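Undergrad: Protein chains in written order, with our numbering: chain A, 2 to 269; chain B, 464 to 575.
None of these hints come from the bench; they were simulated from the model. Treat the hints with care, since some could be wrong.
Chain B regions said to be covered by chain A (calculated; three or more residues, Cβ under 8 Å) [unchecked claim]:
hint: 1; segment: 519 to 529
hint: 2; segment: 551 to 560
Restraint-style ranges between C-beta atoms, simulated for each label pair [stated by the list, open to error]:
hint: 3; chain 1: B; residue 1: A530; chain 2: A; residue 2: G247; range: 45 to 55 Å
hint: 4; chain 1: B; residue 1: P573; chain 2: A; residue 2: L259; range: 44 to 54 Å
hint: 5; chain 1: B; residue 1: A568; chain 2: A; residue 2: F67; range: 52 to 62 Å
hint: 6; chain 1: B; residue 1: S541; chain 2: A; residue 2: L269; range: 23 to 33 Å
hint: 7; chain 1: A; residue 1: F150; chain 2: B; residue 2: T504; range: 33 to 43 Å
hint: 8; chain 1: A; residue 1: N149; chain 2: B; residue 2: A489; range: 22 to 32 Å
hint: 9; chain 1: A; residue 1: G40; chain 2: B; residue 2: A489; range: 50 to 60 Å
hint: 10; chain 1: A; residue 1: G40; chain 2: B; residue 2: A568; range: 51 to 61 Å
hint: 11; chain 1: B; residue 1: A568; chain 2: A; residue 2: H73; range: 24 to 34 Å
All figures in this text were calculated on a predicted structure; none of them were measured in a lab. Glycine residues also receive a C-beta, built at the ideal position from the N, C-alpha and C atoms.
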Amino acid sequence: MRRLIRFSLPLLALAPLTQAHASDRHFTFTHETDVLSKGDVELEPSTTFRLGKPGGYFGVDERIEFEVGLGHRLQTSLYLNATTERAGDGQGGFTSESAFEGVSWELKGKLSDPVADAIGAGLYLEITAGPGGVEFEGKVLLDKSIGNFVGALNLVSEAELAFHDEGLHPEAKVEVDLGLAGRIGKYVTLGVELRQHNLIEAEDGETQMKLLHSALFAGPTVAWRSDRWWGALTVMPQVARLGGEGTGVLDLEEYENLSTRLLFGVHL
Amino acid sequence: MSAGRLLAVAIALGSQLGCSVLVHPADVHVAWATPRWPDVTLAELAQGRTEYVDHCAGCHTLVRPEAQEPEHWPEHVSEMEDEQGVKLTADERQHIVRYLMVASAIPVVPKD
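So that you can see chain B by itself, here it is in the shape it has in the complex (with noise of 0.2 Å):
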């Protein structure tokens, strides 16, 4: 394989890579949530980012927002609390909640 495309295929992997992370909240996620929200903010979302990671992935693999419609997060969240008996305030609940629905609906930030 020549150089050009050793290169090529590492930046088709690391452009992989670096889609495939979560999606960070941007103010495009807070323009989705308001009119459901009024009082979400980005900082809301992005704490419920962190918490999802923390609270989720210590017991199995992070599932990816956008694997499961906006509105089936609320019920799946609730199951986890219901069934394998995840510990949640309602603080928490309501960041985690909220931001894998905005996540859901909008995976990946749209370039300018």
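Just chain A, with the same shape it has in the complex (with noise of 0.2 Å):
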């Protein structure tokens, strides 16, 4: 991770040299149907904090996005993944480990605009590939600007196999994002970002995919502009476990009590 900051770093430092772009997001967990103009270059770098499991863990999810778009509506993206886990080893001490994940490519396309169409619509396809796996996701993305008010929703479903030691693991996520925020001033977007997520996948041990894991994440989210970046943020507590295995009001076995994620974009 440590190399994905230092090769980011300075690539920020270009901003104020760059000029303004308005592809800027308002979510961060949420993606919205704009696409870049042909030819143009964004560089997003994200950081996803995560905490609040039992026995002190701390995660960091660093995601380094090239976009470029290319006509017709479509953008695609290259990115690079890292992160790094602090978690308590039993014994009252900790361990930690950070590993590059791997590298994604994406394509989106939109299908109609938010501000010309009753509704604005985009596809959005993503794979992933690193040294634990293989993922494919897909996204149906919704959104809709009327005045100074912004709402988008996402429809996601997602398929890895993960190497084991014991072969392939499946597993499928299936994950619904809403955000909805409002305009404040020119360069400043207040709103709130859902986040529901369901994990599928088999018990060790059996065939059987069945749901282990579904929470609901709520929170926040703050995004801003100048004249040559743009930035958003959103601090995303669980909110409620909303079914699978397990007992108790959070879900704290495969996701965190807090997750917060910071990204910025950069047109170059």
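Relying on the hints, combine the two individually framed chains into one complex.
TA: In structure tokens:
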């Protein structure tokens, strides 16, 4: 992760020299349908802090994204992914581990516009390959902008083949993301994001897939833009366990109590 | 909330979404435009709407035409070309400016 940070910081420093661009996002977990114009390039570093599991767990997910506009309402992206995790070892100490999680390729297409049409719509495909496995993620993107209000809804489906010692382990994730925000002046939006996540997989030693974890997250989001760059921050506590195995109000076996994502965009 | 109220909210929301689209040019727009540009056609105004969405939505959230007075749009489009590097042909500029001006003047097609 340190290598990724070292790589991204000099690029962020270029921000004051670059021209303003308005593919700015209002949310960090929820995608909108906007795509870059043909030939436009944007750098988006993203950091997600995850904490609040038993044992003093703390995780940081770092993603560096390069977006390129392809024209015809299409854009593509390449991501570098890394994770750092710290967890209790059960004897009062902590272990810390950093790992390169692989690369991702994304293709996003815009079908309709959130201002010009009744509903903005888009499709999103992301493929990730890394030392831990292969993931395929598809999203249906819907959004709408009316006056100073922006809303976005994502329907997300993800299939993963994780490399385990005993072979490939399939997982499926289904997620719904919702973002609602209002513009406060020219540069700032304030709103809320909701995320409902479900994990479906076979338990150890079994072959039948079933819903093991399901939780709802919700929290405030703020986004801001200057003439040269934009940023967004969401603080997303887990609100409730919605199903799956286990007991308790929250699911702290699979998910964290609190996720916070910080996202920047710089037009290159 | 009762089913009736839920339906009313859904209809109101759907109506709001329907009203919030960029207006599609109609005969009333051609009538407004003809005294200014005798050669204007409905097809040209429709082309201007398409080109406005295609050229401008890639870089910024579209500005609704009625957000500015009609006579301000030519200058605003020129600013986008001069200051933001937007590249338009003369035909594209004419189509877009004409659409934005008529849509600013008549943002919603009156119902008969």
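Undergrad: Against each hint, give a clear statement of whether it holds in the structure.
TA: Checked hints:
1. Closer than 8 Å: that is the beta-carbon criterion, and the segment 519 to 529 of chain B has 7 residues meeting it against chain A, so the requirement of 3 holds.
2. Interface restraint, the segment 551 to 560 of chain B with chain A: violated (0 residues with C-beta to C-beta distance below 8 Å; minimum three).
3. At roughly 51 Å, the beta-carbon separation of B:A530 and A:G247 lies within the given 45 to 55 Å, and the hint holds.
4. Look at B:P573 against A:L259: about 52 Å separates their beta carbons, and that is inside 44 to 54 Å.
5. Separation of B:A568 from A:F67 is about 43 Å and departs from the stated range, judged on CB atoms against 52 to 62 Å.
6. With their beta carbons about 26 Å apart, B:S541 and A:L269 fall inside the hinted range of 23 to 33 Å.
7. In this structure, A:F150 and B:T504 meet the distance hint of 33 to 43 Å, their C-beta atoms being roughly 35 Å apart.
8. In this structure the hint that A:N149 and B:A489 lie 22 to 32 Å apart at CB holds, the actual value being about 28 Å.
9. For the pair A:G40 and B:A489, the supplied restraint of 50 to 60 Å is violated, since their beta-carbon distance comes to about 35 Å.
10. The hinted range of 51 to 61 Å is not satisfied by A:G40 and B:A568, whose Cβ atoms lie roughly 34 Å apart.
11. Remark: the range hint 24 to 34 Å for B:A568 to A:H73 is upheld by a beta-carbon distance near 32 Å.
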